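**Student:** Chains A and B, in that order, give the protein sequences.
Residue 26 in my numbering sits at position 26 of the first sequence; the count goes up by one each step and never skips.
Residue 66 in my numbering sits at position 66 of the second sequence; the count goes up by one each step and never skips.
For the record, the hints were derived by calculation from the structure and aren't laboratory data.
As the structure is a computational prediction, the values presented were derived from the model and not from experiment.
Please note that the accuracy of each hint is not assured.
Unchecked claim - Restraint-style ranges between C-beta atoms, simulated for each label pair:
{"#": "1", "chain 1": "B", "residue 1": "265", "chain 2": "A", "residue 2": "113", "range": "48 to 54 Å"}
{"#": "2", "chain 1": "A", "residue 1": "34", "chain 2": "B", "residue 2": "64", "range": "55 to 61 Å"}
{"#": "3", "chain 1": "A", "residue 1": "21", "chain 2": "B", "residue 2": "265", "range": "39 to 45 Å"}
Stated by the list, open to error - Once the Cα atoms are required to be at most 25 Å apart in a straight line, the calculated DSS-like pairs of lysine-lysine come out as:
{"#": "4", "chain 1": "B", "residue 1": "187", "chain 2": "B", "residue 2": "103"}
{"#": "5", "chain 1": "B", "residue 1": "325", "chain 2": "A", "residue 2": "194"}
{"#": "6", "chain 1": "A", "residue 1": "202", "chain 2": "B", "residue 2": "325"}
For glycine and all other residues, C-beta sits at the position ideal for the given N, C-alpha and C.
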Amino acid sequence: MSKRVILILKAIAHLVCIAPLLQLLHFYTSGALVLDPDPVAYITHFTGDWALWMLLASLAITPLRRLSPRIAWLIRFRRLIGLYAFFYASLHLATYVFLFSGYDLPTVLAGIHSGHPGIVLDEWKMVWPHIWDDVLKRRFIQVGFTAWLILLALAVTSPAFIMRAMGGKNWQRLHRLVYAAGIAAVIHYWWLVKTGVRTPWKVTAVLVILLLARAAYSLAKRFSRPRQPLVVAKN
Amino acid sequence: MLLRRSGNLESAIHSSDITPQDAFERYRRQRRFVIGGAATLTAGAFAASYLPELFFPSTTVHAQELPSTPGKYNTTENQTPFAKATHYNNFYEFGTEKSDPAKNAHTLKTRPWTVQITGMVKKPQTIDIEKILKYRPIESRIYRHRCVEAWSMVIPWEGYSLSEFINLCEPLPSAKFVQFISLVDKKQMPDLPGGYDWPYSEGLRLDEAMNPLALLTFGCYGQVLPNQNGAPIRVVMPWKYGFKNAKSIVRLHFTDKQPKTTWNEINSQEYGFYSNVNPQVDHPRWTQSRERRIDSSAFPKTIPTQMFNGYADQVASLYNGMNLKRYY
């Protein structure tokens with residue numbers, strides 16, 4: 001596939017990945033979000049869902065491209081989609097910090113408009129003990145935050161020059177943590193829903209299939225490796 | 001104006017300027033691809049603009065007025081808009097998402113409806129809803145409503161004190177608790193989720209139930225209860241977490257033992273029998289010291305939660321000497 005086609009496809013991939021955010025913004029500006037009974041919960045679930053779906057999409061690339069050499073070019077989109085997973089996960093975290101935790105965003109925005117930028121920090125000083133308390137006490141926040149930290153590490157080390165500086169082996173070792181992030185994200189989902197609610201089962205099934213596909217591939221590779229030719233000494 | 005003076009067009013074109021046929025074909029393929037991609041995106045964006053309609057289908061609400069006189073227990077805080085209070089409901093019999101009951105509860109049949117009175121009563125009986133409605137004058141009460149999930153609303157309810165109805169039921173002196181049992185009917189509730197021990201059951205100590213704040217409820221916002229809000233008859237105890245307020249009640253059972261209640265059976269660590277609103281006792285997965293007040297804004301304020309949801313003056317004496325950290 002030519003460089004230009006890849007470039008065009010990447011532009012389209014960017015548009016597709018940014019589309020959910022644009023939809024959310026449209027939802028806000030059109031006034032539909034105000035009509036939602038609990039807009040903060042809506043934004044929290046929206047960004048969380050997309051972070052998870054993007055992460056699964058990036059995890060799907062490797063097993064998919066192994067299906068046929070004709071779609072080997074898919075690998076060029078793995079980093080892009082992975083970075084969008086981090087992007088939506090960061091929006092999800094920001095929603096928790098600035099909309100969920102008690103941080104009074106409307107007042108802060110009004111304060112900035114009226115020339116009191118200090119309110120940004122004042123408000124933060126007020127809510128961070130709550131947030132810290134939450135992080136220390138709640139395991140579903142701990143596991144979700146862990147997933148975000150992993151994605152942060154992978155995002156920071158994603159540029160090619162850092163990969164070269166780290167050396168391929170080390171880089172690959174670090175980036176295998178993406179599986180841990182995927183598992184942590186799904187556990188985060190299970191731990192936050194109420195007993196008896198099974199909505200996370202679909203993403204769980206997808207994650208399990210993607211992980212099994214990898215296991216099956218490496219097993220198949222081990223057994224199909226050509227045997228060393230047996231050299232029998234002839235005397 | 002810029003005009004090019006060229007006598008001979010042929011000589012002005014170099015062979016290097018001519019696009020080779022195969023490159024031109026490739027370019028056309030790419031262009032088709034880009035146009036196709038753009039068209040798909042446009043179609044996607046177009047579809048996305050209709051999403052709000054998907055989320056909020058414009059259902060017709062057959063509002064039926066419920067006349068009432070103003071009661072004395074009213075908060076003056078801003079009321080939650082009617083549309084939000086009727087599209088954000090935990091009524092698991094109609095689906096586990098909070099948007100589900102508004103979509104699904106139209107299958108609930110609220111007439112004919114009777115309420116059975118069983119257990120430790122002078123005379124077990126079955127009472128028709130019309131008789132219950134007319135038994136006492138309907139008053140309106142604007143209550144704070146605090147969900148165990150850390151969001152809250154301000155809702156005007158219509159009904160009369162549960163104590164009046166309990167007196168009609170004539171419980172025996174030995175009765176110490178009252179249990180509320182909600183309707184379960186697979187035919188009317190096709191989305192009834194598995195994994196729960198239906199019917200939904202809630203309960204109160206009898207002295208709690210006799211507190212004048214406990215409201216036997218038939219309406220909200222001046223009209224007959226919408227199905228998703230627990231039509232045709234429910235209870236509201238504003239000092240307790242919302243799930244205590246059993247909906248669509250078909251039976252009151254009087255007993256001397258603490259009755260089994262649905263959420264307490266599912267997860268007793270997260271949902272106690274008492275479940276009084278208490279900012280000092282956290283839910284295992286989140287703090288109960290704050291709540292998100294559902295109002296008409298896009299980014300509602302998070303406000304501190306009050307002990308007994310601000311009704312301590314009326315109800316705190318019910319729990320004198322009780323360790324509320326243990327009996328949460």
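**Student:** Run through the hints listed earlier and report the numbers of any the structure violates, in increasing order.
**Tutor:** 2 and 6
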